[in-house]
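Student: The lines below spell out each chain.
There are 2 protein chains.
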Amino acid sequence: MKQSRLYIPTLKQTPNDAEAISHKLMLRAGYIRPVSTGIYAFLPLAWSVIHKIETIIRREMDNIDAAELRMPILLPAELWEESGRIKTYGEGLFKLEDRHKREFILGPTHEETITTIIKEYLNSYKKLPMVLYQMQNKYRDGDSTKFGLLQSREFLMADAYSFSANLEQLDTMYTQMEQAYRNIFEQLDLDFRVIQGNADLMGGTETKEFSALAKIGSDIIVYSDESDYSANLEMAASKLTGNPVEDNQKSALIETPDVHTIAALASFLKIDETKIMKAVAYMADDKPVLVMIRGDFEVNSFKVKNFLKANFLEVATPQEVVKKFGSTPGFIGPKGLNEDVEVLYDSSLEELTNFAVGPNIRNKHLMNANFEDITDEKPIFHDLRVVKEGEGSPDGYGKIEFTNGIKIASIFKLGTKFSQDFGADFLDEDGKSQPIIMGSYGISISRVLSAVIEQHNDESGIVWPASLAPYQVHVIPIKYSDDVQRRLSDEIVQLLKDENFDVLIDDRNERPGVKFADSDLIGIPIRVTIGKKAADSIVELKIRSTGETIEVNKDELVNSVKILLKNQ
Amino acid sequence: MKQSRLYIPTLKQTPNDAEAISHKLMLRAGYIRPVSTGIYAFLPLAWSVIHKIETIIRREMDNIDAAELRMPILLPAELWEESGRIKTYGEGLFKLEDRHKREFILGPTHEETITTIIKEYLNSYKKLPMVLYQMQNKYRDGDSTKFGLLQSREFLMADAYSFSANLEQLDTMYTQMEQAYRNIFEQLDLDFRVIQGNADLMGGTETKEFSALAKIGSDIIVYSDESDYSANLEMAASKLTGNPVEDNQKSALIETPDVHTIAALASFLKIDETKIMKAVAYMADDKPVLVMIRGDFEVNSFKVKNFLKANFLEVATPQEVVKKFGSTPGFIGPKGLNEDVEVLYDSSLEELTNFAVGPNIRNKHLMNANFEDITDEKPIFHDLRVVKEGEGSPDGYGKIEFTNGIKIASIFKLGTKFSQDFGADFLDEDGKSQPIIMGSYGISISRVLSAVIEQHNDESGIVWPASLAPYQVHVIPIKYSDDVQRRLSDEIVQLLKDENFDVLIDDRNERPGVKFADSDLIGIPIRVTIGKKAADSIVELKIRSTGETIEVNKDELVNSVKILLKNQ
Numbered sequence: 000m001k002q003s004r005l006y007i008p009t010l011k012q013t014p015n016d017a018e019a020i021s022h023k024l025m026l027r028a029g030y031i032r033p034v035s036t037g038i039y040a041f042l043p044l045a046w047s048v049i050h051k052i053e054t055i056i057r058r059e060m061d062n063i064d065a066a067e068l069r070m071p072i073l074l075p076a077e078l079w080e081e082s083g084r085i086k087t088y089g090e091g092l093f094k095l096e097d098r099h100k101r102e103f104i105l106g107p108t109h110e111e112t113i114t115t116i117i118k119e120y121l122n123s124y125k126k127l128p129m130v131l132y133q134m135q136n137k138y139r140d141g142d143s144t145k146f147g148l149l150q151s152r153e154f155l156m157a158d159a160y161s162f163s164a165n166l167e168q169l170d171t172m173y174t175q176m177e178q179a180y181r182n183i184f185e186q187l188d189l190d191f192r193v194i195q196g197n198a199d200l201m202g203g204t205e206t207k208e209f210s211a212l213a214k215i216g217s218d219i220i221v222y223s224d225e226s227d228y229s230a231n232l233e234m235a236a237s238k239l240t241g242n243p244v245e246d247n248q249k250s251a252l253i254e255t256p257d258v259h260t261i262a263a264l265a266s267f268l269k270i271d272e273t274k275i276m277k278a279v280a281y282m283a284d285d286k287p288v289l290v291m292i293r294g295d296f297e298v299n300s301f302k303v304k305n306f307l308k309a310n311f312l313e314v315a316t317p318q319e320v321v322k323k324f325g326s327t328p329g330f331i332g333p334k335g336l337n338e339d340v341e342v343l344y345d346s347s348l349e350e351l352t353n354f355a356v357g358p359n360i361r362n363k364h365l366m367n368a369n370f371e372d373i374t375d376e377k378p379i380f381h382d383l384r385v386v387k388e389g390e391g392s393p394d395g396y397g398k399i400e401f402t403n404g405i406k407i408a409s410i411f412k413l414g415t416k417f418s419q420d421f422g423a424d425f426l427d428e429d430g431k432s433q434p435i436i437m438g439s440y441g442i443s444i445s446r447v448l449s450a451v452i453e454q455h456n457d458e459s460g461i462v463w464p465a466s467l468a469p470y471q472v473h474v475i476p477i478k479y480s481d482d483v484q485r486r487l488s489d490e491i492v493q494l495l496k497d498e499n500f501d502v503l504i505d506d507r508n509e510r511p512g513v514k515f516a517d518s519d520l521i522g523i524p525i526r527v528t529i530g531k532k533a534a535d536s537i538v539e540l541k542i543r544s545t546g547e548t549i550e551v552n553k554d555e556l557v558n559s560v561k562i563l564l565k566n567q
Numbered sequence: 000m001k002q003s004r005l006y007i008p009t010l011k012q013t014p015n016d017a018e019a020i021s022h023k024l025m026l027r028a029g030y031i032r033p034v035s036t037g038i039y040a041f042l043p044l045a046w047s048v049i050h051k052i053e054t055i056i057r058r059e060m061d062n063i064d065a066a067e068l069r070m071p072i073l074l075p076a077e078l079w080e081e082s083g084r085i086k087t088y089g090e091g092l093f094k095l096e097d098r099h100k101r102e103f104i105l106g107p108t109h110e111e112t113i114t115t116i117i118k119e120y121l122n123s124y125k126k127l128p129m130v131l132y133q134m135q136n137k138y139r140d141g142d143s144t145k146f147g148l149l150q151s152r153e154f155l156m157a158d159a160y161s162f163s164a165n166l167e168q169l170d171t172m173y174t175q176m177e178q179a180y181r182n183i184f185e186q187l188d189l190d191f192r193v194i195q196g197n198a199d200l201m202g203g204t205e206t207k208e209f210s211a212l213a214k215i216g217s218d219i220i221v222y223s224d225e226s227d228y229s230a231n232l233e234m235a236a237s238k239l240t241g242n243p244v245e246d247n248q249k250s251a252l253i254e255t256p257d258v259h260t261i262a263a264l265a266s267f268l269k270i271d272e273t274k275i276m277k278a279v280a281y282m283a284d285d286k287p288v289l290v291m292i293r294g295d296f297e298v299n300s301f302k303v304k305n306f307l308k309a310n311f312l313e314v315a316t317p318q319e320v321v322k323k324f325g326s327t328p329g330f331i332g333p334k335g336l337n338e339d340v341e342v343l344y345d346s347s348l349e350e351l352t353n354f355a356v357g358p359n360i361r362n363k364h365l366m367n368a369n370f371e372d373i374t375d376e377k378p379i380f381h382d383l384r385v386v387k388e389g390e391g392s393p394d395g396y397g398k399i400e401f402t403n404g405i406k407i408a409s410i411f412k413l414g415t416k417f418s419q420d421f422g423a424d425f426l427d428e429d430g431k432s433q434p435i436i437m438g439s440y441g442i443s444i445s446r447v448l449s450a451v452i453e454q455h456n457d458e459s460g461i462v463w464p465a466s467l468a469p470y471q472v473h474v475i476p477i478k479y480s481d482d483v484q485r486r487l488s489d490e491i492v493q494l495l496k497d498e499n500f501d502v503l504i505d506d507r508n509e510r511p512g513v514k515f516a517d518s519d520l521i522g523i524p525i526r527v528t529i530g531k532k533a534a535d536s537i538v539e540l541k542i543r544s545t546g547e548t549i550e551v552n553k554d555e556l557v558n559s560v561k562i563l564l565k566n567q
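Sequence order for the protein chains is A and B.
Position 377 (the first sequence) corresponds to 376 in numbering that gives the first Met the number 0; numbering is contiguous.
Position 433 (the second sequence) corresponds to 432 in numbering that gives the first Met the number 0; numbering is contiguous.
Just so you know, the hints here were simulated from the structure itself, not pulled from any lab data.
Keep in mind the model is a prediction, meaning the values are calculated, not measured.
All clues given are correct.
Repeated chains share a single entry, so a pair holds when one copy, or any two copies, can fit it.
Below, in silico cross-link-like pairs of lysine-lysine (PhoX-like), each with a Cα-Cα straight-line distance of 25 Å or less:
id, residue 1, residue 2
1, K125, K11
2, K145, K100
3, K416, K86
4, K1, K125
5, K51, K496
6, K86, K100
7, K478, K126
8, K514, K126
9, K304, K86
10, K118, K11
11, K304, K377
12, K377, K249
Just chain A, same shape as in the assembly:
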């Protein structure tokens, strides 16, 4: 391709409003342009990369017999009324009316649509399993649009849906899809983790998230420094070292005036925070729930919500603490509450002795308390806390660390939520009608593009992996108007094209410095510079990632490029 015919509006300055490296570089290197807030045009270089990502995805989907189709973007709102998601998505949905005042939405995902399409025909176990996928624009009217393609309102997704007759089939589809996604991201040269996600959010049974490591990423990935354990912060568990064994002392109620935080209480009582039993009061779907946890930990509200299978969970207001719990704010504890309060104990409290705890009396705490002082029942412990760096990995191997990641994909055992909503039933082997068991899978192509750039760049610009570069070889004649240089350049382009390389030739009438800077910025793996030695058929090869250069003769060029690209 001739560079003069590609639209590549490179910028000398970094745009002011871009924060993420990938966003800055895509603007500077002429890959994208905003058309509205959070809405971008993919210029030719970006589109070429996306085309390569799509080709890799398509190949992996083919390998597991998934079939590609294309659903509409403009979806009747009634489908989303039916599933109830018109409410849960709320303002995040783009909504519109047609000329007949019928309501539509712009699809952010397609579970509803695919279920209504397949239910016509997938009516027997004989026709299952099946996996269908598509690649298309999706829409979410998000409230934050700061990080370029990482938070765009119109974005590209590859979304897949599986349909199974039983749980074994679902497991097989889910496992195949996970492996396909791993293969895809490895080919894209991404450093990523597959982490356990929160399946309850969508009423499913299991979910995994694929997260590309990147400082700018808003996901916190929890992982073991020794094993392959990893999870998102919502779901991460940990192994405690355990509380020290001590003889039980006798408890005493003491005055603790004006002590409003755990830190203040520890300091006032001159004890460690690990010796305090902290209480957090919640209203869970109108039911009062008190979560007890060791003073040095925080309650993980996702875990509480999942444990209670609650739809809504909010921290109780001071008024609610008084009225619904029968306590006094700041001094709440398990003993003596209203009868309908459910008390939960986090596993950080297991074998804790001689601790401080709220007595439900204003300006007092119970010191040196033990479980028999606060409950008549044998306490049951649950994992309800936010894990901390340095704790043990739950699998017993290594310590827990945190890192940031960009969520690029997820896989989801969806169950029968949508097949039940839309009556997508099949007859099983015994002739019994059953809802189809579904899985849902998605890769955010827009985010993948950003994530690869976050991981592959230097001070001069983007450094593409060879599998993904918009062009693999950049041919740069120092002076294209020079006959000798032009003839050699054109010959080299043809030689490379004959070997199926994607070649870009800088045929512009620009200074060499401008050409080189643009080349580094857009990040093509191999540069072939044709200059004064063109008369002797000698050109310079430069490797973008290392900066190394070698001189080669025209005749060795193709082979050299092959070897260099293989080693990228």
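On the provided structure of chain A, position chain B as indicated by the hints.
Tutor: Relative to the frame of chain A, chain B by itself:
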């Protein structure tokens, strides 16, 4: 691909509400499903065909150095306010608001968007020319959605935009694009015509439409039976045989009471309609215009509007005939009208002698009139009429015929309308600022899909050209559960895949009759049936288009398929 893993919901019955053959067949053969009125899901077979169409388009665009990009679908309404098209498109636009109440539209075409994108960088003649294109969903909220993909509200387009520094460059781009489109449609095996369109509608200078011949098509194509002249009905011209030469007679005013039509006048006066000068009164942007035409022709209002460069043109009401023209309805003629009435003469009147014409007097006509009786000036003739079948082609070769077509593409010399609206200027060689000269080009991929099916089908279903078939070869084991048949089938699939054929294998547990009927319906060019002779490695090849069958040995299979596909 395994047929059991593709979603192909074939129907035994033709859906009641489908009128176009292509619509019926795409529904029956499981290619598409409606998700809402005029909004369709492309199921795997259709998506595979579309993918092939896109690949052909992409290759031809590559050949002329056009670069692919992808603009958003969700566009800020202010762009369309700026160009004024928010009004001209009116109800045909899908409009919506985001969570901040900013107005958006769903793009039906992208002239506004591309112009705002390129104006940042295409600021010098050195950077021109350039052609950019994309393939994506487009949106038009049309009032008719009868013919399936021919009138869908969400449809696929390949739209291209050219940017030139001068008219020569524009001509070159326009010619290259026309040739590229011709190449594309020839590869798609379409019987199509390139016809002259009405450029004034968009304020451009020249446009051509590509129309695929089909009875269901709503376009009327006018063409010569001997030359390659063709145009749409709005634009078509013709060559008249000329009016008979006669000696001028003396005119006479006669009574013609209750004569209200040309036919009635001819019958009353016992003359031919060709001897009547008919008048049609128009209001053109509030200006009275009288068009004179020979009695056997109709006025072509598009031609009148283009000639006058009017924004609005309407037939005058009886009140306006009295008031604005100073005449009396039914008896209007050129002589004695209000002074500001413009009188136009169609070229059918050239050398007409001794005709009947309205005298602007109630219940009277002027008989045996000649031009000196009705005007003091030498009349100028213009082409203002609707052509008729059987007239001479305007190039002098052959006679004019009519046929129906589906408009599948158009190319357009746009000029500077959008570059002026959005300030897309460049510095020319003399350092002078000029607006970029644009061209606009589009293929409706959804319609192409329909048009190919309209032209390639029989009573059993679709008959795909080999270049476009979702799969080229359909391998059908009579009984896939039979070991010998399965082994041979799998071996044949592998042999064909190794030669890069797209192969579908019917691995379903269905009766042979069902498999054969489905195969004919979905229209795959070559069928390979594997039955009882599998033990001897003998299979049957069947050609979908001719119904011919031959038996071949496994070893000859690949070669036979190659030859058969080449001859499709």
